[in-house]
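Taken in sequence, the protein lines are chains U and C.
Note that the working numbering has the first sequence beginning at 1, numbered continuously upward.
Note that the working numbering has the second sequence beginning at 1001, numbered continuously upward.
Honestly, the hints are just simulated from the structure, not real lab data.
Among these hints, one or two may not hold up.
Chain U regions said to be covered by chain C (calculated; three or more residues, Cβ under 8 Å) [claimed, not checked]:
# : stretch
1 : 16-22
2 : 56-62
3 : 92-99
Far from chain U, some chain C residues (derived; all Cβ distances over 10 Å) [to be verified]:
#  : residue
4  : S1005
5  : T1048
6  : T1088
7  : H1090
8  : E1100
9  : G1108
10 : H1110
11 : L1111
12 : V1131
13 : T1139
Facing chain C, from chain U, some residues (calculated, C-beta under 10 Å) [as the list claims (entries may be wrong)]:
#  : residue
14 : E10
15 : Q13
16 : D27
17 : G40
18 : S87
19 : N89
20 : I105
21 : Y106
22 : N108
For glycine and all other residues, C-beta sits at the position ideal for the given N, C-alpha and C.
Chain by chain, the residues:
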Amino acid sequence: MSDAILFIDENRQDVKLVHVMAQRLLDPQQADTLTRHLCGLFDSGVLCVLVDLGSVQRLSSIFFRTFIMAGKKAGEKKAKLAFCNLSSNIQEGFAITGLTDLFLIYKNENDALGKLAGK
Amino acid sequence: MNVLSLEKEALRDNLEELFVFVEQALASLNAPVSDRGKMMMALDEALTNVVLYAYPEDQRGTVGIHLRRDDNTITAEVVDHGKPFDPTAHPAPDITLPIEQRPIGGLGIHLMRNLVSSLRYYRKNGENHLVLTTLWEKTG
């Protein structure tokens, strides 16, 4: 499970777009990898990260931990962490756990990039 | 009654097989497509919790999953022989806290509770049994 490509980064305007490539985000090792990557981006001075979850069909709460840790790091660095392309199930998971109140969530990447560029 | 079951060693390497089994079992039991995602998410949490936390690192153990359908109900039972742990007694996290005060863990049980119709725990013969039930409205 951990051998597949987990994410691909792309620079778009002033936003670092992180495309998560896995269909299932359930593996604790993958969660550790993504946590290190997202926190590393903020440590390196990136001020806005948009995580594209469009490929993800199943997601464990271990990854909510990842997102909260990255969100804390973003807060420390006065940076922003946002998400786009959430499936209905993942959107529901975000809502149940209150993550929708912590992060900027957009319907798709064009919507996100348009709005994040103006913030 | 048709019960679909799988028992594996509680190892991280076996999680993928368990997740795939759950997906295939829900399809085989004809659970409504609209409810399968929530059931899978709840069972992913339950199975992951057993594999990560039920047994000390130096002790091997098993995780079992049993699914059955009765009319418009799916009942899933996750069984392990690990240390006693009742997730239903776990306090709900405060999900209104701002990011800087948010604990990073504790969301999995909260998620499970809110994804299924009922969550029940019992311990019997040295086994933890977590029973997740999903009920859906009949149509037609």
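We went through each hint and held it up to the structure:
1. 16-22: violated (count 0)
2. 56-62: With 5 residues in contact (Cβ-Cβ under 8 Å with chain C), the coverage given for the stretch 56-62 of chain U holds.
3. 92-99: This one holds; 5 residues, not fewer than the three required, reach chain C with a Cβ under 8 Å.
4. S1005: Nearest chain U Cβ is 21 Å from C/S1005, so the label holds.
5. T1048: violated, 6 Å
6. T1088: Consistent with the label, C/T1088 stays out of reach of chain U, its closest Cβ about 16 Å off (over 10 Å).
7. H1090: holds, 13 Å
8. E1100: violated, 6 Å
9. G1108: violated, 4 Å
10. H1110: violated, 6 Å
11. L1111: violated, 5 Å
12. V1131: For C/V1131, whose nearest Cβ neighbour in chain U is about 20 Å away, the distance exceeds 10 Å, so it holds.
13. T1139: holds, 19 Å
14. E10: violated, 25 Å
15. Q13: violated, 24 Å
16. D27: holds, 7 Å
17. G40: Because about 17 Å separates U/G40 from the closest Cβ in chain C, which is outside the 10 Å limit, the hint is violated.
18. S87: Given a least distance of 8 Å, the restraint on U/S87 holds.
19. N89: holds, 4 Å
20. I105: Result: violated, 14 Å to nearest chain C Cβ.
21. Y106: At about 18 Å, which exceeds the 10 Å cut-off, the nearest Cβ of chain C leaves the hint on U/Y106 violated.
22. N108: violated, 20 Å
When held up to the earlier numbered hints, the structure conflicts with 1, 5, 8, 9, 10, 11, 14, 15, 17, 20, 21, 22 and fits the remainder.
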